[in-house]
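There are 2 protein chains.
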Amino acid sequence: MHNFVFHNPTKILFGQGTIKTIGPETRAWGKRALLVYGRSSLKQSGLYEQILASLRTAGLEVAEHGDVRANPLVAHARQGIDTARTQHVEVIVAAGGGSVIDTAKAIAAGVPAEHDVWKFFTGKKSLKTVLPVTTVLTLAGSGSEMNSGMVLTNEATGEKFGFGHRLLHPKTSILDPQTTCTVPPDQTAFGAIDAISHLLEFYLTTADPDTSVQDRLMEGLIENSMAACDRCLQDPLDYHGRANLMWTACLALNGLTAAGLGRVGFPMHLIEHSLSALYDVPHGAGMAVILLGWLRAQQTALGKRIASLGRRLFALGEADPQLATEQTIARIADWLASVNAPLTLNDLGIPAADIPRIADNTRGLARVWRLADSTPERVAAILRHCLA
Amino acid sequence: MHNFVFHNPTKILFGQGTIKTIGPETRAWGKRALLVYGRSSLKQSGLYEQILASLRTAGLEVAEHGDVRANPLVAHARQGIDTARTQHVEVIVAAGGGSVIDTAKAIAAGVPAEHDVWKFFTGKKSLKTVLPVTTVLTLAGSGSEMNSGMVLTNEATGEKFGFGHRLLHPKTSILDPQTTCTVPPDQTAFGAIDAISHLLEFYLTTADPDTSVQDRLMEGLIENSMAACDRCLQDPLDYHGRANLMWTACLALNGLTAAGLGRVGFPMHLIEHSLSALYDVPHGAGMAVILLGWLRAQQTALGKRIASLGRRLFALGEADPQLATEQTIARIADWLASVNAPLTLNDLGIPAADIPRIADNTRGLARVWRLADSTPERVAAILRHCLA
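Chains A and B are the protein sequences, given in the same order.
Just so we're aligned, residue 3 is where the first sequence starts under our numbering, counting upward by one.
Just so we're aligned, residue 3 is where the second sequence starts under our numbering, counting upward by one.
Since the hints were derived computationally from the structure, they do not count as laboratory data.
Remember, identical chains collapse to one label, so a pair may be satisfied in a single copy or spanning two.
In silico DSS-like links for lysine-lysine, alpha-carbon gap of 30 Å or less:
| id | residue 1 | residue 2 |
| --- | --- | --- |
| 1 | 173 | 45 |
| 2 | 126 | 173 |
| 3 | 127 | 13 |
| 4 | 33 | 121 |
| 5 | 45 | 22 |
| 6 | 13 | 33 |
| 7 | 130 | 13 |
| 8 | 45 | 13 |
| 9 | 121 | 13 |
| 10 | 33 | 22 |
| 11 | 33 | 130 |
| 12 | 173 | 33 |
| 13 | 127 | 33 |
| 14 | 13 | 173 |
Required output: the full structure, derived from the provided sequences and hints.
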């Protein structure tokens, strides 16, 4: 086990009826709030009114920054920064999924900065101070509600970059599984796949051979992601299925699973970010395709590890290592197919001829994330495994 | 899954070489520190000098409160409170295992209080404010380094009581597995058993039937407790075995495993506390005996749950439920025997004739902990299962 620091001060309020606490939880951090949200679901579900009422009852003045889209844009975050400055906002409230929370974090980081917020993402500036962020999560998957990361897309440069800093932990996050009961099947599955992809990145990229504590945690969370997703697709109103998926996705990327693994990379996310930047595919959909291709490409190099995972997840028994590896990948592909995820670039509407362009797009983030192994040539080779 | 609040702000610095950070981590909370430690091991190992040097280099004035014993006494904590007040101490530094950390927490709670510290334990006073606590952990097991609980013994009344409050989370805990390489085999095993007993209390006392996230976490941690303990007993200098045991025991009782389980009790700890209060047996030794008796006593009522655990832990296959339950208890007993833990009251030197006296001693804590089911009659029945 490698040395590590684990420090996650985010307060989680989990369960039915917790939405009404967003007012007092936010009021603890300031009097003037900016409410950040997405396009339509928050208002359709009635949550918008509930959240606003709670904030106002707690004595908060509320400015708004709506219309956050999936694969959120830095240009839109910049508008939020302007609004926050004009309104002298002291605290940012995110109500939505990962895109909304990441936009809120970018606003929280950008308001006190004397430079453009994108410079954090490109590594040109370091983060010194942020506004406090509270969140109401309405989509399980990203884990942003309890972690220190954010991902934005720069349309002008065609870059989708991620950035993390300990100051970006939300102060309080409210997780009411009930709010996710209206999430449609495809987005439910994409959220579960997102959680699984976080866990697989850690599980398969650690170079530490002695991580049984983390391995059991990750295996359990992958198993739960699949099982809970199945429950939610079978019965979208299954509260406990929604609860299991929501808490699993949160724990998958809150720092706990990676603590002690040493340096881990996000080589799969690297490639998916380019798919989202260039084609605006949903993140979870892109991850389904990339993780299958990546597993196939690493079948030999990581065979032992993939087989270990399969033996735990699918009780593969004492099959020989190569067979166990193949079976594990096949079982993951079967599960992805069963939740109607795309399995190939073709399923995403991306032609094979675009592979060089996608591979080239990964250069910038590979440099920022220091993924020296992810050369455009290797990325292209993995993408060719996404054609089958 | 039940509603829950999860908020654990303790900062963990884990790994070799982290001891030297105790100075700056403590200095962040004050200038005058009280260093709390045990009887001899800290000085024998050289850690005492290292910690003192780090504290002084960081500019701290250090008063001392040594000589904390296993099953620590409230009378001794009171002396620490007096010292802290006299020396105008601003921050408490614990260097040791659970007994030392719990004593430090009691001092931290007692210094600002205008009443005797024991009143927190008996539920007669509520906690309003505490001094900050930092810790250097030297024994894996209690989990006190990352939780909000403390347990002390009142010799005058023959009571061993536990108390928890969110203010009691240490600010920073330093976990260097290397410091535990000199822990003797019996104490190593007792620590692992302590961690397992925390997990089993949660696993077996939750009334929530839908907790697959927590179940996979707990099963993984129980498996790791056993496996890591085995490694440490085979080779006391196995750093990664020590690391796995240390991090596992910490995660077993840091709030994560119980979050979402609803109300869980500590009916096994209740009984063990009486053994420790009356006979001063090591906590882990007492827990080994009580958990076996408790499992046997609950064999019918909790059979399905015990069998589920066994299927996960020991790959028992598709045996019939009753057989799986018996096999699970037998496998746990075998493991306890393999690490030379006591298995019966007789092994602890406690005669069967004392059962009524022990059962009677549990009354007070059962009332404070609101364990209505743990009547002296039922406790006596469980204790009779500890004779075989």
